[in-house]
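Please arrange chains B and C on chain A, whose structure you already have, making use of the hints.
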Amino acid sequence: MSLSAQIVIQRGPLHVDVSFEVQQGEVLAILGPNGAGKSTLLRILAGLTRPQSGRIVLDGQLLDDPTAGVRVPPHRRPIGMVFQDHLLFPHLSTVDNVAFGLRARGQSREAARRVAAEWVARMNLSDHGSAKPRSLSGGQAQRIALARALAGKPRLLLLDEPLSALDARTKLDVRADLRHHLADYAGATVLVTHDPIDAMALADRLVVVERGRVVQVGTPVEVSRRPRTDYVARLVGLSLLSGTADGRSVVLDSGAAVQVAEARTGPVFVAIRPTAVGLYRSRPDGSPRNVWPATVAGVTPYGETLRVDLHGKVPLTADVSPEAAAELDLVLGAGVWASVKASEAAAYPA
Amino acid sequence: MSFYRSLAVSAAVGLVLAGCDGDEPAGTGAGSNEAAAGATAEERTLSGTLTVFAAASLTDVFTELGAQFEAENPDLTVTFNFAASSTLAAQITQAAPADVFASASATTMQTVVDAGLNAEEPAVFVQNTLQIAVPAGNPAGVTGLTDFTNADLTIALCAEEVPCGAAAIKVFEAAGLTPQPDTLEADVRAALTKVELGEVDAALVYKTDVLAAGDVVEGIEFPESAEAVNDYPITALTEAPNADAAAAWVEFVQSEDGLAALEAAGFQLPDA
Amino acid sequence: MPSPSGVSAPVSVKQRQPQPDGATGIPAVLMIPAVLAVGFLVLPLTALLIRAPWSSLGSLLSTPEVRDALRLSVVSASLATLISLIVGVPLAWVLARSQIRGRGVLRALVTVPLVLPPVVGGVALLLALGRRGVLGAPLYDATGVSFPFTTTAVVLAETFVAMPFLIISVEGALRAADRRYEDAAATLGASRATTFRRVTLPLVAPGVAAGAVLCWARALGEFGATITFAGNFPGTTRTMTLQVYLALETDPDAAIALSLVLLAVSIFTLALLRDRWLMRT
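Residue numbers (this note's numbering), protein chains in the order written: chain A, 1 to 350; chain B, 1 to 272; chain C, 1 to 281.
If we strip away everything but chain A, and leave its shape as in the complex, we get:
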């Protein structure tokens, strides 16, 4: 095991109490809404903030244990950190920024600059080696920030919303780069983000934190297929229903019944993709067994389709084409019928 963390801290009204482990070479993403305490967790791992209690062990070295009075200061921790808005030192050149950590950790100026120049080359930014950070684009700056964090060969890499300050186009490029560099990196990585796409694309495993608690842990595939909270479901674009299963029929808390693909027993979640929901002006005849009346609560553009929020005994989200939406006259408050094939309704134990 590489990193083992148990962290308790009070941040204003928010009580954070989470535990997680990260293996060598593994990328763990801490995913959660803004204000969930994610960045605080990262600052604690870095030693920039003191936890109230808990225990942080990296490769057998105890970094934090308030009850035992142990606290390794940030500059003595074998870590590297990338911040949301890169925080490159504005008075130093690109190469000197990357060399900073090596110099601080005792290397000679020449050696540090040589290694730093290699890192800058690896980021394909050799042309900007003597440039000041303010002349770099956002994507370039974030690449240099990554190089700066990695140059010191840290055993723990901390990424704090590394892509969220970038525009959509740059984000794609930097994300791909980041993925590539993380694959080469041997240590443990903790990535904090509120963007599920970043988390899915970069992480081996996700820890979802809401209101200071871990609400779900799993691989990106597990989490995206089987969300366990509304927040995660919304993030991954699924409708989440909860109820009690008896065989292939699930009775929701609202009393409505949903036919599902697999037989289950007891409390379950049911996840339904928006594209699997069909909408009709009048009750459809024929095959679908899951048909419910609903009212339109919201219509928002979503890519090339429209995403329709439905209220009713079975709250759902449906994606429809603009033509279909016009045909159905989907205005706010309009009454429609929604249908879902039982094979499209995935049930899993709650």
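A hint or two may mislead.
Output of the computed footprint for chain C on chain B, the stretches with three or more beta carbons under 8 Å from beta carbons of chain C [stated by the list, open to error]:
| hint | region |
| --- | --- |
| 1 | 112-118 |
| 2 | 151-163 |
No more than 20 Å apart at the CA atoms, straight line, and that leaves these computed lysine to aspartate or glutamate pairs for EDC-like [claimed, not checked]:
| hint | chain 1 | residue 1 | chain 2 | residue 2 |
| --- | --- | --- | --- | --- |
| 3 | B | LYS170 | B | GLU224 |
| 4 | A | LYS132 | C | ASP178 |
| 5 | A | LYS132 | C | GLU182 |
| 6 | A | LYS132 | A | GLU118 |
| 7 | A | LYS153 | A | ASP195 |
Simulated from the structure, these hints should not be mistaken for laboratory data. Backbone N, C-alpha and C fix where the C-beta goes; we use that ideal spot for every residue, glycine too.
Chains B and C alone, transformed into the frame defined by chain A:
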């Protein structure tokens, strides 16, 4: 010295003129001050504000006399502007609203005379002489002017640009000595402060300053002080907003009571 | 339609600023007091220039006394600034960053020299460091060293009066600086001392420079504390300001000439520093 003598003469003339200029009782009934004041009040009531510009060394004694003058003239308020004589002269020539100017130096008075702002010939009403000031107990054992040539002692003199410094140069010339000062203070008060705080072993300051400093400073007389007698001329001003009160103040300062108070403060009366 | 590049720009400017004062872009409510302020600050200076004895300027200024005073002024003001930098910047850091108790009181104490009449400051220095001072007496008894009437005293007096300007300026810069850069440095293995030297200080360099310039200017113009604590002796403690003060007693023309020199030297130095130091960052 002829300049000073002529000033003294003119002071005497000024006194006579003031006597004639004023009313008969003031001239004849000088025996009793109450009588004189009463007579003045009967004939010419002084009122309003009297503004006196006076050398800083006159602060204590003029403040005291001012209170007395106000008591004798209930309708009159006396205000003072105490500062370095040169500063006051500059203010007066720049048309400051002053009634009376009492200077600690004949040369600064001359700048006012040159500007034609004196209402009468300035009169030398008192003189001040230098004394050696040492901290209480005289820790360095200073006995006379010769100690000022000892480079091991810490010595303060006034800068030659200010009156007490010019006077110091005169006494050292007269004594044939070359002093070894550590500092040339910008005014006599500053020199005295250094003695009071024991920062210097000796300084040359005015006798009045030594007296005003009280117990923390001791004064040592020396014969050469007679070579640098500092005259204090006083005059009412042409632009005086309160000309009557100005004339009365000049007179009052040179009355028996006024001169007694000045003598008590360490000033000596002009020998004219 | 004429060429768009030639016409559209002025039109759009007019559209945005239809008021008559649009030419300068300064609203009248700011313009009038600003002009008054400039007038108030520049007028005395102009008067000084108008009344300056230009024809005799050369002879007034070529005396060795004046050269000594000028040299002393520049050297002592620079030393005072150097001392202020060495001890004042760390103090500013303590005021801006540390969590020590009584920081508010400490800050108030630091600013005392700003409100204290300089002459009183000089007396206070005498009481502390004079031959019979609280600290000065034991020092004098033990070593025979005494500060008053030495060039050291000039530097000390100027430091006392001028250092608060530096401290306040640097503290403000430190408060305004983004502390996350220091976090970033810590995660890169930099100790607090290294972080201060290699990150914090360069980040607040403009503030430090501005503070140093203020400090130097204040030290150069110092009079009251210097004459009280250090005395006044040519070559040792008589700075230009003391020279000016004494000249006023006897020769106002010379005083004006000397003031002009002081003014010229300070303006020249400040302009030089500004170009070399402030603009680079």
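Now the hints, each set against the structure:
With a cut-off of 8 Å between beta carbons, the region 112-118 of chain B has 0 residues touching chain C; three or more are needed, and the interface restraint is violated. Coverage of a stretch by a chain is defined here by at least three residues with a beta carbon nearer than 8 Å to that chain's beta carbons; for the region 151-163 of chain B and chain C the count is 5, and the condition holds. Between LYS170/B and GLU224/B the CA atoms are separated by roughly 9 Å; this keeps the pair inside 20 Å, and the hint holds. For the proposed pair LYS132/A and ASP178/C, the alpha carbon gap of about 18 Å is at most 20 Å, so the pair holds.
Distance restraint check for LYS132/A and GLU182/C: the Cα-Cα separation of roughly 18 Å lies within the 20 Å cut-off, and the hinted pair is therefore satisfied. With a CA separation close to 18 Å, the supplied pair LYS132/A and GLU118/A stays within the 20 Å bound. Restraint check: the Cα-Cα separation between LYS153/A and ASP195/A comes to about 27 Å, which exceeds 20 Å; the hinted pair is violated.
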